[in-house]
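Protein chains: 4
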Amino acid sequence: MSALTLEAARRVVDGALAHARAAGFKPIAVLVLDAGGHPLAFAREDGASPGRWAIAHGKAHGAIMLGTGSRALMARAEAQAYFVAAANGALGGALVPVPGGVLLRAADGEVIGAVGVSGETSDNDEAAALAGAAAAGLRADPG
Amino acid sequence: MSALTLEAARRVVDGALAHARAAGFKPIAVLVLDAGGHPLAFAREDGASPGRWAIAHGKAHGAIMLGTGSRALMARAEAQAYFVAAANGALGGALVPVPGGVLLRAADGEVIGAVGVSGETSDNDEAAALAGAAAAGLRADPG
Amino acid sequence: MSALTLEAARRVVDGALAHARAAGFKPIAVLVLDAGGHPLAFAREDGASPGRWAIAHGKAHGAIMLGTGSRALMARAEAQAYFVAAANGALGGALVPVPGGVLLRAADGEVIGAVGVSGETSDNDEAAALAGAAAAGLRADPG
Amino acid sequence: MSALTLEAARRVVDGALAHARAAGFKPIAVLVLDAGGHPLAFAREDGASPGRWAIAHGKAHGAIMLGTGSRALMARAEAQAYFVAAANGALGGALVPVPGGVLLRAADGEVIGAVGVSGETSDNDEAAALAGAAAAGLRADPG
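Protein chains in written order, with our numbering: chain A, 11 to 153; chain B, 11 to 153; chain C, 11 to 153; chain D, 11 to 153.
A hint or two may mislead.
Chain copies aren't distinguished; within one or between two, either way the pair holds.
Pairs of lysine to any residue residues, derived as SDA-like cross-links and limited to a Cα-Cα distance of at most 20 Å, are as follows [unchecked claim]:
no., residue 1, residue 2
1, Lys36, Ala104
2, Lys36, Asp24
3, Lys36, Gly77
4, Lys36, Gly147
5, Lys36, Gly99
6, Lys36, Asp56
7, Lys36, Asn134
8, Lys36, Thr131
9, Lys36, Tyr92
10, Lys36, Glu55
11, Lys36, His48
12, Lys36, Val121
13, Lys36, Glu88
14, Lys36, Ser132
Calculated directly from the structure, the hints in this document are not laboratory data.
Generate the whole structure from the sequences, applying the supplied hints.
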């Protein structure tokens, strides 16, 4: 089992922020969790609203807990909203089923963490998350 | 009252795991609760995501608390989503209304516990739960 | 990083239960968590009260979260009760600062999980936890 | 109102981490909150236990919410433990009354945020927090 280091987590955060600035996104927040769903690194840009922490957390935490990127959780929510609503309750509210919660995998496919982004459209949040993973040389799984 | 013993609960867990392996399921988690909704036995297979505990718990706990297998709770959710969402809140988030939460009954029909499974499709989760009940010689009620 | 397998976790549970029976303990509950604090394996003996789940969880979860066996948390509680009370709040109630929450370490010292036992005296709970770790060939750190 | 920027918050985090490494501290976690108590920047060093997020958060959040560094909250806890225990409950568990939660002030004294550190002794956590504030050129108030 490979652990995600703080150095790698910060590369993910910085890569996501760089993508957001280059693309002219609205201010975003970026959170990286370890394989147990616990925070490793976080940054919220100036002007991003205070709740961006909680939304980014819900995207990344839901991905870790259910073992799937949050885009797949959106598909599940569209097919079966009551399941995702109940899973949100079962996970203490920390599951947000829209794109932007991306699993980070080791070379062998093992889940070693997740990155959650919030602040822009969900698709753009996901693009920033993927750019962050790429900047750290990590396999990304958006769901 | 017939109580569910730890020995029987572990037979349920092992029977569910054996079914999952024989059927080539993805890694699952299996939880057995007593008639009061309190954990007796649990196992989470290698590779099952961390939140499988919470989902398996929500299936089994919801079944015990409302006295019906979670398949029937899914029917209720499809008919009246707001009721199941509110019941999830009333039960502290521990109600997940998809198949895989199966009541365990004594020979006379009395509810003596429940088993919850999570990790595969809901139908397969339920199949594993039923196999576990069968392995322990218990009547199962999927709802 | 080494992961704790279900097979090893179940050896910990069985070793703890065997110790409790050989020593004539009251009925106990035994929980093994992974390095992220998520349940892997659990058993509650017949006659153990329903809340043994929550106490065993609090011992093991507090140990994982603060990186120290629960015996050391008891020492901290005796020296500075308000810190441990506040940490209990910060961890959602899932920290119980008495012996019986034992860290499990890989050969190189890395924390790979924890075992929590509840049902007997705290010292006996810890003895059962240590016996469980020994049965699985794991390094144990009671704090 | 002067707002704390992400750039300044990250200088606080990096300054605290640099202090911890230079001083040979155990691995720490460092969190910077804004004046509303919402996360701006966070880092958890490799080897710091998962709950360091929650403890660092409780120190910084309690400081912001009650308008005083967490060292003063420790004094209050020693004088009147039941008040601090109740305040912990009133704040959803997010108040940890030991040193290491330091208010950040603008030149005119206005509170613009807080930094919370956890991982070492409380006194050393506070020293790292103060070093972080100094690295960002901010006035620090440990309570």
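Evaluation of the provided hints:
1. Taking the closest pair of Cα atoms, Lys36 and Ala104 never come within 20 Å of each other, the shortest separation being 23 Å inside a single copy and 24 Å across copies.
2. Only within a single protomer do Lys36 and Asp24 lie at most 20 Å apart by alpha-carbon distance; the minimum there is 16 Å, versus 25 Å between protomers.
3. Proximity of Lys36 to Gly77 under the C-alpha cut-off of 20 Å is restricted to the inter-copy arrangement: shortest distance 12 Å between copies versus 29 Å within a copy.
4. Proximity of Lys36 and Gly147 under a CA criterion of 20 Å is satisfied in neither setting, with 25 Å inside one chain copy and 28 Å between copies.
5. For a Cα distance limit of 20 Å, the shortest separation of Lys36 from Gly99 qualifies neither inside one copy, at 29 Å, nor across copies, at 24 Å.
6. Taking the shortest alpha-carbon separations for Lys36 and Asp56, only the intra-copy value of 10 Å comes in at or below 20 Å, while the best inter-copy value is 31 Å.
7. For the homomeric pair Lys36 and Asn134, the shortest alpha-carbon distance inside one copy (10 Å) is at most 20 Å, but the shortest distance between copies (31 Å) is not.
8. Taking CA atoms no more than 20 Å apart as the test, Lys36 paired with Thr131 passes inside one copy only; the shortest distance there is 9 Å, against 33 Å between copies.
9. In this assembly of identical chains, Lys36 and Tyr92 lie within 20 Å of each other by CA distance neither inside one copy nor across copies; the values are 31 Å within and 23 Å between.
10. Taking the closest pair of Cα atoms, Lys36 and Glu55 come within 20 Å of each other only inside a single copy of the chain (9 Å); across copies the shortest separation is 29 Å, beyond that limit.
11. For a Cα distance limit of 20 Å, the shortest separation of Lys36 from His48 across copies, 18 Å, qualifies, whereas the shortest one inside one copy, 26 Å, does not.
12. Taking the shortest Cα distances, Lys36 and Val121 sit within 20 Å of each other only across copies (15 Å), while inside one copy they are farther apart (29 Å).
13. Taking the shortest alpha-carbon separations for Lys36 and Glu88, neither the intra-copy value of 26 Å nor the inter-copy value of 23 Å comes in at or below 20 Å.
14. In the homo-oligomer, the alpha carbons of Lys36 and Ser132 lie at most 20 Å apart inside one protomer (12 Å), although the nearest pairing across protomers, at 29 Å, exceeds that limit.
When held up to the earlier numbered hints, the structure conflicts with 1, 4, 5, 9 and 13 and fits the remainder.
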